[in-house]
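Peer 1: Residue strings, one per chain:
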Amino acid sequence: MLRVDSLLGASTDHSLHDRLHHLEHHGAVEVVKIAVADLDRRRLLARTEKGEEVAITLPRDQKLFDGAVLLLDDKRAIVVRAGEQRWLRLSPHSASDALELGYHAGNLHWRVRFDGDDLLVSLDGPAATYAARIEPMIEGGRVTVSEESE
Amino acid sequence: MDARLSPHGKTASRVGAARVGIGGPVGSGKTALIERLIPAFAARGVSLAIVTNDLVTAEDAERIRRSGLIDPARVAAVEAGACPHTVIREDPTLNIAAADELEARFPDAELILIESGGDNLASTFSLDLVDWWMFVIDVAGGDDIPRKNGPGVLKCDLLVVNKTDLAPYVGVDLPRMEAEATAARGGRPIVLTNCRKAEGIEAIADKILSAVLFR
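Residue numbers (my numbering), protein chains in the order written: chain G, 1 to 150; chain D, 1001 to 1215.
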C-alpha cells in the first residue's frame, strides 16, 4: 500500500508539468479516479487504474482536486482524476416558480449552481430521488427537468 | 461551552488525527456506542479523543468523562445551541475548533470521534469536519426507518442498527429491517449492534481502522 500524506501540486503547475510530460511519454503516469463526492475527504483509500492501493491522508488545509499530483519521482507519477459530476438542470417557468424552487433547494440543502434562469443541482445519487422532492412542481408543468454531466 | 474559537485551534499544515462522525436520532445509542468503542480502540493501541455535541448542556461529555474509560481531559463538549445538524454540516466551525484544540493538547491522538447531538434522519456530516461518518438508528425507533430514505441513513459510510436485543419486544422483524436497510443503501455497509452487550462493536472498530487509519 502506497501512503500519500501531502499533495505535490497540480498537474498544470509549471514546476511539475515538464517532468509529468516526460513521464507521460514513457507511460509512467498513473491515474487514481476519485468520485466527486469523495474529493472533500482528507483520508481515503483509493486505487490506481493499475490496481495499486493508495492510502491518502492529507493535512486539513489541503484538498483533493482533479489533476492533483500525489506522487512524482524519476520513475513514475500518480495523478488524481475526478469522477464525472452529474447535474440536474431545473428550469422554472415563471418568476414565482423560481421563487418556490429556490425555497425547496435551500430547504433540502442541495448544492446548486446558477445558469441564467436555470438552477443546476449537484447530484450524488439517483436523479429521480431529487426530482421526487419537487414532484408537484414538475407534474404541474412549473419546472422542467433534465440531467447532464461534466 | 468548553470548546471555543481560539488561536490555538488554528489548523497547522500537518496530517492530524483521523476524524470520525457519529450521528443519529436522540436515544439511538450514540453515546453508548462511544462507551463501547473506547476500550475497543484501546485494545487496538489507538490513541483516542472525543468531541460530543449537545443542545444546551455538556451532558454526553460529562457522562463519558465520568465513565472512567478515558482521560476526562480528552473529552471536549460543544453546545450546538440550536439544530444539531447546523454545527456538523452547515457551519462546523465550533466542532473543527474543538477537534483542533484536542489535537494540539494531545499530539499523540490518532483518532477523534465526533458525536453529533441527537437529530432527525436528514442529518449528515460535512466532510470538512470528518473523514468518515456513521449514522446510528435503533430497532425501537421503528423498523420503517430504513424505508424512509433519510439522507443520514443513505449517505453515511456505515449504518449502525442498535438495540437489536429489543426487536422481539417492539415487534420488529430484524432480518427484514436489515434487508431493507441494505437495499436502501445500495449494499453499502451496515452493522447490527447491541451496545449493552458489546455485540457488533469489534466490527465497527475494525471498519474505522481500515477506512481511516489504514490498518
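A portion of the hints provided could be inaccurate.
Unchecked claim - Only pairs whose alpha carbons sit at most 35 Å apart, straight line, appear in this in silico DSBU-like list of lysine-lysine: (1) D:K1155 - D:K1207; (2) G:K63 - D:K1155; (3) D:K1155 - G:K50; (4) D:K1197 - G:K63; (5) G:K75 - D:K1207; (6) G:K75 - G:K50; (7) G:K63 - G:K75; (8) G:K33 - G:K75; (9) D:K1197 - D:K1148; (10) D:K1197 - D:K1155; (11) G:K63 - D:K1148; (12) G:K63 - G:K33; (13) D:K1148 - D:K1207; (14) G:K50 - D:K1207; (15) G:K63 - G:K50; (16) D:K1148 - G:K33; (17) G:K50 - G:K33; (18) G:K33 - D:K1207; (19) D:K1207 - D:K1197; (20) G:K33 - D:K1155.
Read the hints as simulated data drawn from the structure, not as lab findings.
Peer 1: All hints are to be evaluated individually against the structure, with a verdict given for each.
Peer 2: Status of the hints after comparison with the structure:
no. : hint              : verdict
1   : D:K1155 - D:K1207 : 16 Å, holds
2   : G:K63 - D:K1155   : 20 Å, holds
3   : D:K1155 - G:K50   : 28 Å, holds
4   : D:K1197 - G:K63   : 40 Å, violated
5   : G:K75 - D:K1207   : 34 Å, holds
6   : G:K75 - G:K50     : 15 Å, holds
7   : G:K63 - G:K75     : 25 Å, holds
8   : G:K33 - G:K75     : 20 Å, holds
9   : D:K1197 - D:K1148 : 28 Å, holds
10  : D:K1197 - D:K1155 : 27 Å, holds
11  : G:K63 - D:K1148   : 33 Å, holds
12  : G:K63 - G:K33     : 15 Å, holds
13  : D:K1148 - D:K1207 : 25 Å, holds
14  : G:K50 - D:K1207   : 25 Å, holds
15  : G:K63 - G:K50     : 23 Å, holds
16  : D:K1148 - G:K33   : 32 Å, holds
17  : G:K50 - G:K33     : 11 Å, holds
18  : G:K33 - D:K1207   : 22 Å, holds
19  : D:K1207 - D:K1197 : 19 Å, holds
20  : G:K33 - D:K1155   : 20 Å, holds
The structure fails to meet hint 4 from the earlier list, while all remaining hints are met.
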